[in-house]
Amino acid sequence: MDKRGNVGDYLHFVYFIFLLAIISVTIIIGGFSAFGKPYDSRSVDAQLLLSRVVICLENNPGLSTVSLQNIFITCRFDEKTFEKGLVLYLYSGNTEFFKYGDQVSCGLEKKNINYPRCVAQSVLVDVDSKQVEVNIIAGSNLKSHEQNK
Amino acid sequence: MNRKGEGALQDNLRYLLALAIFIAMIFFYLWSKSNDAFLWEDFYAKEISRIISSGHAGDSYILDVHKGTSIALSNGVDIREASTMFIFDVQTKEVCAILSKGNGKCYPYLSDLVVSDVKIELGEPTNFLSFTLNKGEKDG
Chain A
1 MDKRGNVGDY LHFVYFIFLL AIISVTIIIG GFSAFGKPYD SRSVDAQLLL
51 SRVVICLENN PGLSTVSLQN IFITCRFDEK TFEKGLVLYL YSGNTEFFKY
101 GDQVSCGLEK KNINYPRCVA QSVLVDVDSK QVEVNIIAGS NLKSHEQNK
Chain B
150 MNRKGEGALQ DNLRYLLALA IFIAMIFFYL WSKSNDAFLW EDFYAKEISR
200 IISSGHAGDS YILDVHKGTS IALSNGVDIR EASTMFIFDV QTKEVCAILS
250 KGNGKCYPYL SDLVVSDVKI ELGEPTNFLS FTLNKGEKDG
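Protein sequence lines correspond, in order, to chains A and B. Here the first sequence is numbered in my numbering, starting from 1 and rising by one per residue. Here the second sequence is numbered in my numbering, starting from 150 and rising by one per residue.
Because the hints were derived from the structure by calculation, they are not lab data. Incorrect hints may appear among the rest.
What the hints assert, rightly or not - So these bits of chain B aren't anywhere near chain A, every CB distance computed over 10 angstroms:
| hint | residue |
| --- | --- |
| 1 | S223 |
| 2 | D227 |
| 3 | S265 |
| 4 | V267 |
| 5 | F277 |
Unchecked claim - One-sided and incomplete, this derived list gives chain B residues near chain A with beta-carbon spacing under 7 angstroms:
| hint | residue |
| --- | --- |
| 6 | F177 |
| 7 | L188 |
| 8 | F192 |
Since this is a predicted model, take the numbers as computed values, not measurements. Glycine residues also receive a C-beta, built at the ideal position from the N, C-alpha and C atoms.
Same shape as in the complex, but just chain A:
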């Protein structure tokens, strides 16, 4: 009788430990989903780049096709930062003013987390003394890196 009772007790304890294990796994999964992923600020970076381009175009009177093609100089952007993962595409209809990075990948951002996060906006600006609607696509795939790399 005693032995049978002990077996029941041990089974109860094993069941208790099993429950704790399930709760632990759930908390660990929750911890990974909350803290495991790096902090993603690419959408904000894309928005920041876009707003800087818009402000630059609006504050630069006498824009020309050439000045749009040389937007790094016109807007005082640093090409080194763009090399780290920025996308910028300026066009109007079939006219392509400026292209850096692969703007096609912007359309695929929902399919893969590794594609850049992008935003788009149109602005009316004077280009070669004509009012033109310039479409801007700005994207960011910037990633943080280890300090010594």
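Starting from the structure of chain A, add chain B where the hints point.
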């Protein structure tokens, strides 16, 4: 009767002990995750970079970096000097946050501003990082 009572107490103690170990382990896990230097270095580098990218020459900022300083302190980083925790690299246009020895995360910023007067103010109830944005070389 006494033996029965002792047996029940032993049974309950076994369960209580297992539960206490479980709760302690979960608390330790969550605490270690929330104090993860890797995560907070990434956070500070990106947030400060965002501030510089959207800032203008002449702007001064004071940021609450208490969480960062407490993590850095627990990892043996000297928090009295701002330059040991936060590096603003003009050449690469990057901000680096270092909250653990020998490591750190860097993130680029979009503007060509130069960061100066970088200071850490240690005090109660929080620690602050202050800095000023100035015109870059291209602006003359």
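Hints versus structure:
no.	hint	result
1	S223	holds, 17 angstroms
2	D227	holds, 16 angstroms
3	S265	holds, 18 angstroms
4	V267	holds, 16 angstroms
5	F277	holds, 21 angstroms
6	F177	violated, 11 angstroms
7	L188	holds, 6 angstroms
8	F192	holds, 5 angstroms
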